[in-house]
Amino acid sequence: MPANTTAANASSAEHLLALYRTMARIRAFENAAEETSRGGVAAFGAATNATALVRGPLHLSTGQEAVAAGVCANLARSDYLTSTHRGHGHTLAKGADTTAMMCELFGRASGTNKGKGGSMHIADFAVGMLGANGVVAAGIPIAVGAAHSAKIRGTSAIVTCFFGDGAINRGPFLEGLNWAKIFELPLLFVCEDNRYSATTATDVMTAGEGAAARARGIGLAAETVDGNDVLAVDTAARELVARVRAGGGPQFLHALTYRVKGHVSVDAAAYRAKGEVESALENDPLKLAALRLAALGVAAGRIAEADAAAQTEIEAALAAARAAPVPEPAEAYADIQDTGAGLWR
Amino acid sequence: MALMSYAQAACQALAAAMRADANVIALGEDVGHGGIFGQYRGLREEFGAARVIDTPISEATIMGAAVGMALTGLRPVVEMRVVDFALCAIDEIVNQAAKNRYMFGGQGRVPLVARMPIGIWSGSAAQHSQSLEAWFAHIPGLVVVAPATPADNYGLLAAAIDCGDPVIYMEHKELWGLEGEVPPQHTVALGQAHTARDGTDLTLVTWSGMVHTALAAAEQAVQQGVSVEVIDLRTIWPWDRELVFASVARTGRLLVAHEAVQAAGFGAEVAATVAEELGVPVRRFGAARIPVGYARSLEDVARISAQELLRELMLFANSDSRGRSMA
Ligand SMILES: Cc1ncc(C[n+]2csc(CCOP(=O)(O)OP(=O)(O)O)c2C)c(N)n1
Ligand SMILES: [Mg+2]
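Chains B and R supply the protein sequences, listed in that same order.
Take the first sequence: its letter number 287 is residue 797 in our numbering, and every next letter is one higher.
Take the second sequence: its letter number 288 is residue 350 in our numbering, and every next letter is one higher.
Bear in mind the hints are in silico, worked out from the structure with no lab data behind them.
Please read these numbers as outputs of a predicted model, since none were measured by experiment.
Treat the hints with caution; some may be incorrect.
Unchecked claim - Quick list of the computed label-pair ranges, beta carbon to beta carbon:
{"hint": "1", "chain 1": "R", "residue 1": "A84", "chain 2": "B", "residue 2": "L684", "range": "33 to 43 Å"}
{"hint": "2", "chain 1": "R", "residue 1": "G314", "chain 2": "B", "residue 2": "E838", "range": "34 to 44 Å"}
{"hint": "3", "chain 1": "B", "residue 1": "E838", "chain 2": "R", "residue 2": "N380", "range": "47 to 57 Å"}
{"hint": "4", "chain 1": "R", "residue 1": "Q286", "chain 2": "B", "residue 2": "A819", "range": "55 to 65 Å"}
{"hint": "5", "chain 1": "B", "residue 1": "E786", "chain 2": "R", "residue 2": "E241", "range": "29 to 39 Å"}
{"hint": "6", "chain 1": "R", "residue 1": "Q282", "chain 2": "B", "residue 2": "A818", "range": "47 to 57 Å"}
{"hint": "7", "chain 1": "B", "residue 1": "I692", "chain 2": "R", "residue 2": "E339", "range": "51 to 61 Å"}
For glycine and all other residues, C-beta sits at the position ideal for the given N, C-alpha and C.
Sequences and hints are given; from them, build the entire structure.
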């Protein structure tokens, strides 16, 4: 093999390994969150166990990690990001600290949001992550505003806006894309298409050719990519991000993936056809990346090392979160507003 | 009598209404799969997809379309999942559904029921835990209902579907599993409150999930020598002035308690009206004016416990004739 091919292989192997690491960290984080949430999830009318450490609806992005990892690999810390209710992966990949994230899921004072938001509202402004959101599509106009602001202020920051396939049927999707285009804003829209909106198969509820076609109808360049292939996502995102940075205006990425878990962790997803999940698991993004790493000549030991490092990191985050103090009740009155805040009812 | 959950009661009331009238339909996200709380379970199987309509995530159009359906002869039951998401359809509720009849000189009628559960949904934090009944009570043209028991959820949903006006139907996010007896073909008239417990020293008016907290607090108050009459308002607008006035005329004191933020809550309306009419001491007890936090220690600050309500009841019962605490 010629020397330059070997070198290129080695550098792409290292690049892929870095993407793999991010995905492994997201997977380990969410597995741990799911484990510690057992009994504590109130969604779907299920009873809650008062002793569960992670409470409330827990939306897992298991099987979708390649979208977060591939896109965020192309972002700088100073870039902005908005996310959805399913935002652990985006937050972690944007650079948030997993201990602060786990503390948030545990409702601790040391959480990214001081325990006020939990999983569904996780945010880390220090890394430009402007928030997950409990309201579908609500992040879209906020991303548009952040991009408009970046443009007005003349900064080099760009904005990435993640949303689900279900969100494209809400009005803010149309309004946000149109706005971004007429003002030529520095914004990358990413539709993370996991095929479901809660218990409903999204395609049944979506007319026309879907997300990318709608974006094109508004004049945005749009690309569709296999969202379980982290290299494909990374490559597409690199190109689109470069165009955004070069002043090319808003771009659109439609990443096709699959929601392996239920809508929330307690949802058994009985509305899906038998075997659907099993066949989707063949396309697990970590598995695909590991196969490709092996093909690039990366030793199995290095992949195992990445998995083990992720596991160790998350175990440390869990231990820290368990030990961290809960918010003082007085904190309930803090950070509401400056004018007119107070203890009176 | 049949024992059923709050969710099952609503489901059965809706099923009965759909059997009785082919114009009654249901629409909203995930209703075809039984709804996320099981409150539509089995309806798609019985009535088909044309009458139990799964919709895209499009709250503004779900509500706006329901207005159009109602204007043209259907009686839609609209699912908003939680009141917090109904805010994505606020124009369709406030400017369209509520205004249509008056603004067009009485030509239109909007007989729709918009279901939007209220209350703290434990662990769901600030965007899924609001109690916004006062917002809707403020809007002329709307009826506002908030059932606290399975029987009332059956009877009131039936009455709401029968009602020719737009009804904001507010179930409680944490009552879905609550079980209770429901009489067959049970009906409850809109605008009729219910005396949930008799008492002589003080009238406690409340609704929705807070009814259960109020009953627990009243039980403990007896042990401290105070007899509390608990009234479950059930319908927020129009509220049952007669029953409340009659009770307060006997007890001489009114406390209104609700899960919603106290400031500008509906308790202020009830208390002010009673004070104007009867000139007796009145008090309100609602949540602090804070968003609901995720951590349990923060959520607990936003939630009114039976203990806190009892403390408030005792302070009030032991105050002077003008309602001031006697130090
Ligand atoms: C405005 C609004 N309507 C409904 C909901 C309830 N809800 C939460 S997630 C969800 C499905 C969203 O589907 P999608 O956008 O594809 O995201 P995914 O859950 O698949 O990541 C729904 C309907 C909500 N949070 N906000
Ligand atoms: Mg989806």
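Open item on the list: Which constraints among the numbered hints does this structure fail? Numbers only, ascending.
Closed with: 3
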